[in-house]
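Using the sequences plus the hints, can you model the full thing?
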Amino acid sequence: MKVHKIIRLRSWAVIGMIGLLLAGCGDRVNLEDASLPLALGLDLDENDKFHFFISAPIFSKDIKKKTREVSGKAESLRQSRAKQDSQLPGAVQGRNYQVILVGERMLRHNGWFRTLDVIFRDTRNTVSDRVIMVDGAVAPVIYLEAPDQPSVPVFLRGLVDSSAARGESVKTTALDLHRQFYEQGMTPFISQIGLEKGKITMKGTALLGKGGKYATSLGFQETVLLLLLRGEVEEGMSLSYKLPGMEVTGPFATDVLSISLGKSGAKIKTAWREGEFHFQISVKAKVSISEELFRHDNWSNDLKLTGTIEELVQRDIEKLLAKFQQHRVDPVGFGIHARAFAYPHFKQVQEHWAEELARATFDVSVKLQIESSGPIK
Amino acid sequence: MSAAKQPVSTTQFISVITGLQASVVFLALPSNLASAAGTDGWLAIPIGWMVSTVAAVVIVRVMSYYPQGTILDLLQHFAGGWASRLAALMLAFYYFIFAYDGLIITLLVTKEWLLPNTSVFILAVLFLAPGIMIAQKGLQVISRYALIIVIMSIWIPFVYLFTLHDAVWLNLLPMLKEGWGPVFSAVRVMLYPALGLTAVFFIYPHLTNKAAAASAIVIANSLSHGLYLFITFVCFVYFSPNEIDQFMTPVIYIMKSLEFNFIERVEVPFIAFYLLIFSLDSIPSMYFVSFCLKRMINKGSIGVYLGVFCAAVLTVMLVRSPSVGHIDDLNFIMALTGILVEYILPVCLLLFLVIRNKGKKAS
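Those protein sequences? They're chains A and B, same order as listed.
Heads up: the first sequence runs through residues 1 to 377, numbered per my numbering.
Heads up: the second sequence runs through residues 378 to 740, numbered per my numbering.
Heads up, some of the hints might be wrong.
[Claimed, not checked] The following residues of chain A were derived to be distant from chain B, with all beta-carbon distances above 10 angstroms:
id, residue
1, S11
2, N30
3, K65
4, R68
5, H109
6, R124
7, Y182
8, K197
9, G211
10, S217
11, S282
12, T306
13, G333
14, H337
15, H352
[Stated by the list, open to error] Sample of chain A residues facing chain B (criterion: CB under 10 angstroms; computed from the structure):
id, residue
16, G16
17, S35
18, D122
19, V127
20, Y241
21, G307
22, T308
23, I336
It is worth saying that the hints were derived from the structure and are not from the lab.
Quick reminder that beta carbons are idealized off the backbone N, C-alpha and C, glycines included.
Written out as structure tokens, the structure reads:
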């Protein structure tokens, strides 16, 4: 009889456990009740009032337009959720943003990064959303509907990823941005897009000051050099130069030489002398010539050509460094090097590192090794 | 169930000790070390390792005076019934805090990352029930379970290697930024992750190879400290130095940086798997609580006391619902009692035994 009793007790326990397991169902979301916005836009209007924008895909055969956009005024992102819900058929799940667009007006002020707090605090959010600066207002980009373009969020994510792979821009995710903002030894940078004649165009890289205010932009070639200095160059990124003293025929730029970078890197040596930091940068790169529009007699004057390109790259890097100093930014992270190798001096200036960097001196040397020049002479 | 009927092998023993030490604490360790000593915090790990290795050897040395019994038998034999009962009460209290602390961290992590809308109380019941089923079978089953979980989790550290893609190695330099001062203050942080060594008090009589006990416990201790060192390095080179103490559980947060095409929130399946690892903290310790209570009262079976333990846990949770601030208090109490039980008590016991034996030989 006792065995019987135990068995009955056990089966009740099992039933009870299964019942308890159902408690987890409180956390479920039915897909048909959910709206999954894929893009988040943040902007200020003319009166500096905060606006949010989201773009959510609509899954329905009957509707021609593939996405629904929502916008509104709000004090904060989380608080804006009621307004988001009121304009979308399902409950908004702000968890799958692919891109976060930040308007230019937003970037005129320091401290905008704090508004993204909910992205990091709610663990259900992804933090690999690409953060993108929009030249001008966010609204026209979010509402853009072009017949030859996939929906804006998907398009933007693809645009950023492919541009970053080519070195035309950078891929800064929300978590990357978090790291960059908290790092005292560098300043943040994000990719920058604009709207040109109704088409979304990659503009390059936007450099932000320590507080998050927009400082300046980098073009495509400058971005490659930034990546080169950061040691993040991937093979295949290319640089083009007009060679001085080459003959130009007609309207064609027959003096252009393009190189594509192979295995390359930059060594940064830090020194502190006479009250200022000094960085010795030696760039070493294996390159191959991918385009050469001028006539080249033979490769016997190879050395001279290499020297010329090296000089051009070096001049470009020096210009870029001067630009950083002028705009008080440090996207390369020289401060991290300063902290690692000259800590006592860095510690005194870590609160305003970018200003200190403006007084620093650089010594750039470039060493290129031409690996191949293609099958044509 | 006597010790001879439930033998525990050396590898199982190592698994139990490592599980008790590392299973829950590794989550917040990099963050705690960074708040104590910045990026030099990792230097406290080898120092903490040395301290805890000494404690481990002392504990094994104590147990070798009475190899056929647990610490309670040892005390009964050398110091009498009342000393044994007092020790049982103290150890039951200590392991209750130990298990409770591990449980609360497990539950809060589960709630925070997996089931934000589900009540902690229900999660606690769901988590305790399978725990009891394993714990009531005794030490042999517990140690087999520990070994299986350890073997199943070996691959996890390798996943963290993916995050090194974005590592900034210069974060670790310069070493000793502010000198040795902060490092020594961080050693204090390392006392808590080393706790769990006193499991030897209960497992020793079960060991099949008692001669290897000392080396086994050193191996177990080194394994957990090696894990701490690895995970701390991974977090320190990924997060920037001023950022890392912003995260409560950087070890989980760092997973969010991983991007795979087939899954969006990579950390979710990991936390679900971590639940198994977390159980290595609470299952052995809830057994120890019940074992001590049973010895103290000398009646009933382990299962009854496991039920008492669960009722106590749920009552404490009802009286003081778990929160983040709660964990800090708990960790503080646990570190305090832990130092008493795991560092001071064994040393006193060893001194007592050495002096007593000398006195016997002399007379």
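Against the structure, the hints come out as follows:
The beta carbon of S11/A sits about 15 angstroms from the closest Cβ of chain B, which is more than 10 angstroms, so the claim that it is off the interface holds. At the 10 angstroms boundary, the C-beta of N30/A stays outside the reach of chain B, the nearest C-beta of that chain being 14 angstroms off. Under the 10 angstroms C-beta cut-off, the non-interface status given to K65/A relative to chain B holds; the minimum distance is some 25 angstroms. At roughly 21 angstroms from the closest C-beta of chain B, the C-beta of R68/A stays outside 10 angstroms, upholding its exclusion from the interface.
Distance check for H109/A against chain B: the nearest CB is about 22 angstroms away, which clears 10 angstroms, and the non-interface claim stands. Its beta-carbon lying about 7 angstroms from the closest one in chain B, R124/A breaks the requirement of being farther than 10 angstroms from that chain. Its beta-carbon lying about 3 angstroms from the closest one in chain B, Y182/A breaks the requirement of being farther than 10 angstroms from that chain. Distance check on K197/A: its Cβ is at least 33 angstroms (rounded) from any Cβ of chain B, clearing the 10 angstroms threshold; non-interface status holds.
Even its closest Cβ contact with chain B, about 15 angstroms, leaves G211/A beyond 10 angstroms, as expected for a residue assigned away from the interface. The beta carbon of S217/A sits about 24 angstroms from the closest Cβ of chain B, which is more than 10 angstroms, so the claim that it is off the interface holds. No beta-carbon of chain B comes within 10 angstroms of the beta-carbon of S282/A; the shortest separation is about 17 angstroms. Consistency note on T306/A: stated as away from chain B, and its beta-carbon is indeed over 10 angstroms from all of that chain's, at 31 angstroms minimum.
Residue placement check: G333/A does not keep its beta carbon more than 10 angstroms from all beta carbons of chain B (closest about 8 angstroms). Residue placement check: H337/A does not keep its beta carbon more than 10 angstroms from all beta carbons of chain B (closest about 6 angstroms). The Cβ of H352/A lies farther than 10 angstroms from every Cβ of chain B, with a closest approach of about 15 angstroms, so its non-interface assignment holds. For the restraint placing G16/A at the interface with chain B, the shortest Cβ-Cβ distance is roughly 9 angstroms, inside the 10 angstroms limit, so the hint holds.
With 10 angstroms as the threshold, the beta carbon of S35/A stays out of range of chain B, its nearest partner Cβ sitting at about 17 angstroms, so the hint is violated. With 10 angstroms as the threshold, the beta carbon of D122/A comes within range of chain B, its nearest partner Cβ sitting at about 9 angstroms, so the hint holds. For V127/A, the shortest C-beta to C-beta distance to chain B is roughly 5 angstroms, which falls under 10 angstroms, so the interface hint holds. About 31 angstroms separates the beta-carbon of Y241/A from the nearest beta-carbon of chain B, more than 10 angstroms, and the hint is not met.
Contact between G307/A and chain B, as hinted, is not supported at the beta carbon level, the nearest pair being about 32 angstroms apart and thus beyond 10 angstroms. At its closest, the beta carbon of T308/A sits 33 angstroms from a beta carbon of chain B; the interface hint therefore is violated under the 10 angstroms criterion. Satisfaction of the interface hint for I336/A is found here, the shortest Cβ-Cβ separation to chain B being roughly 5 angstroms, below the 10 angstroms cut-off.
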